[in-house]
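Asker: FYI, the numbering for the sequence shown is 38 to 264, going by the numbering used here.
Just so you know, these hints were derived from the structure itself, not from any lab. Warning: the hint list may mix true and false statements.
With beta-carbon atoms standing in for the labels, derived distance ranges [claimed, not checked]: (1) Ala204 - Ser78: 45 to 53 Å; (2) Ile254 - Gln101: 19 to 27 Å; (3) Glu194 - Gly168: 34 to 42 Å; (4) Ser78 - Ile40: 42 to 50 Å; (5) Asp106 - Ala184: 34 to 42 Å.
Straight-line Cα separation of at most 20 Å, SDA-like style, residue types lysine to any residue; simulated pairs [as the list claims (entries may be wrong)]: (6) Lys223 - Glu261; (7) Lys160 - Thr186; (8) Lys223 - Lys114; (9) Lys114 - Ala89; (10) Lys223 - Ile255; (11) Lys160 - Arg249; (12) Lys229 - Tyr155.
Cβ atoms here follow ideal geometry from the backbone N, Cα and C, with glycine treated the same way.
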Amino acid sequence: VHIVLEKATEFLGGGELQYSGLENGTIPVYGFFGTDADGRSVEITVTKRGGAILYMMADVPAGQNGRPDEETTERMKESAQAYLPEHGYEDMEPTYAQYYDGVGVFNFASTQDGVILYNDLVKVYVERASGRVSGFDATNYLMMHTARTLDTPAIDEMTARAAVSDALDIRSVRLALIPMTPSSEKLCYEFKGVCRGTDFIVYIDAMTGTEREIFEIIDSEDGELVV
């Protein structure tokens, strides 16, 4: 436990932690509580297998709900983006964010060879008032992340584009590996665009040209929701 305690303290950049016990969940973890380098009360868990940080959450004062102004949003996002490589997470791309109780929750997905892997998600929590990271959750990432064998698309982007409704004003396109079932993924072309003033994402199977998913992006005052 001493070695794991050192790893948790190092992740926090210092502080004082006490061992709270072994938690036998889906991912067994060693739990710790105490204070971080800034003196905030904090809880942190380290996986029993592999010694990776699964979860960290520091207490922050309750604050505003709703989306911050653009400058504050960008500052919080930059703080979250800088935090990941500092803690061993490279090649992560921001996806969506939500804002509540004075905190922004930024979701990042792993990438491989330019393909975004939506199953491999990490959440980074950033305090609005200070811009400091206050939380981290790698549950999805640690459960799902592995090096994928990515097939070469059987159809090109123009062929996939032809399968998208002409009503969608396409703004961006990229390759993405999306979850279909708890145990299966599909390589797709991801088309983001606008139809009648509403943002949508359309996924076209990169092997067959079949439409796999359509999602609407709801841009609310609390952030972005994909439905």
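Asker: Among all the numbered hints in the text so far, which are the ones the structure does not match?
Answerer: Result: hints 4, 6, 7, 8, 9, 10, 11 break, sorted rising.
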